[in-house]
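Number of protein chains: 2
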Amino acid sequence: MFDPNELMRLAIDVCREGIAAGQTPFGCAIAIGDKVVARSHNSVYRTGDITAHAEINAIRTACQVVDDFFLKGAVVATTCEPCPMCMAALHWARVDTVYYGTSIADAKSSGFNELRLSAARLLSLGGSSVQLVGDILVDDCRELFNLWQASSERPPY
Amino acid sequence: MFDPNELMRLAIDVCREGIAAGQTPFGCAIAIGDKVVARSHNSVYRTGDITAHAEINAIRTACQVVDDFFLKGAVVATTCEPCPMCMAALHWARVDTVYYGTSIADAKSSGFNELRLSAARLLSLGGSSVQLVGDILVDDCRELFNLWQASSERPPY
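So the protein sequences, as listed, match chains G and V.
Just remember that the working numbering sits 780 ahead of the position in the first sequence, which is counted from 1.
Just remember that the working numbering sits 780 ahead of the position in the second sequence, which is counted from 1.
Everything labelled a hint here was simulated from the structure, so no lab data went into it.
Careful, some of the hints might be misleading.
[Said to hold, decoys possible] FRET-style restraints, in silico, Cβ to Cβ: (1) G:G914 x V:S909: 25 to 31 Å; (2) G:L927 x V:A930: 52 to 58 Å; (3) V:L927 x G:E786: 45 to 51 Å; (4) G:S904 x V:M781: 36 to 42 Å; (5) G:K852 x V:E797: 26 to 32 Å; (6) G:A885 x V:G853: 27 to 33 Å; (7) V:S909 x G:D876: 33 to 39 Å; (8) V:M781 x G:D783: 48 to 54 Å; (9) V:D915 x G:D814: 45 to 51 Å; (10) G:E786 x V:D915: 30 to 36 Å.
A virtual CB, placed ideally from N, CA and C, is assigned to each residue, including glycine.
Based on the sequences and whatever the hints tell you, model everything.
Quick look at the structure:
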């Protein structure tokens, strides 16, 4: 299995690529076994698709790569705690474990219109078996918001 | 504004098209003002994309049609209460009102791996301003599950 920190480094790298391309500061990487099957950043601004969060993009790519709409055994690293849309998508995809860096509260502080519902609480209330671990490379992940705010003049959504 | 029952009829019609094409029994229609901007059924089986729920598909289409990642003023009719993924996506899209027919509990009874969290509770816990109204043409919407179970041999997910 991929080392969580190593996978998070890939998520951070793709997040930085997104920021450099004018996108918002969220990155995600998905591995199954020792293979990385998807790396994506948020692309809402580029695509005009409000659902194009980093995790949704990565799930969609991973489904095509493995040719299955279930991603069993998948390990996910995402720079920010998944919003309810993304956390529920990861539940539907039946991934094993989700590692995240910074929190929904940090994203909300940066101006994003987040629902105030943590990923852990969504899983608990919903009765999901997806495992969730936060605070992975959290300082590096939090720094991505600063990088984005310094580089972009696009209004937050 | 579109009459909710009229919009739900469109969602039911596209759901039936999906069932006839071997897809799962969920349909969604979105209107802005007096114009229908999207009608979609679930297409997870066809696309292999686990995120391709009816509402996500309809949101993605609507964003392209109106050329905006916010769907302000949008009214949505969906044959089944939105799952947390779809409800949160509708929040991100800033739609006005979501009308739904049957419930997440009905979908769960039909074998779908639903999180046990109602759309109303997600909105309440999350602090969303999206309006939500259930039980629209509920008998017709519930009948879609029976139609699907009679017509499909695919396992539920």
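Okay, the hints, checked on the actual structure:
In this structure the supplied range 25 to 31 Å holds for G914 of chain G paired with S909 of chain V, their Cβ-Cβ distance being about 28 Å. In this structure the hint that L927 of chain G and A930 of chain V lie 52 to 58 Å apart at CB holds, the actual value being about 54 Å. The beta-carbon spacing between L927 of chain V and E786 of chain G, approximately 48 Å, falls within the hinted interval of 45 to 51 Å. For S904 of chain G and M781 of chain V, the hinted distance range of 36 to 42 Å is satisfied, since their beta carbons lie about 38 Å from each other.
The hint said 26 to 32 Å for the Cβ distance between K852 of chain G and E797 of chain V, and at roughly 30 Å that hint holds. Our hint of 27 to 33 Å for A885 of chain G and G853 of chain V holds, since their Cβ atoms are close to 30 Å apart. For the pair S909 of chain V and D876 of chain G, the beta carbons lie near 35 Å from each other, so the given range of 33 to 39 Å is met. Between M781 of chain V and D783 of chain G the Cβ separation comes to about 53 Å, which falls inside the hinted range of 48 to 54 Å.
At about 49 Å, the beta-carbon gap between D915 of chain V and D814 of chain G stays in the expected band of 45 to 51 Å. For E786 of chain G and D915 of chain V, the hinted distance range of 30 to 36 Å is not satisfied, since their beta carbons lie about 49 Å from each other.
Hint 10 alone, counting from the list given before, is not met by this structure.
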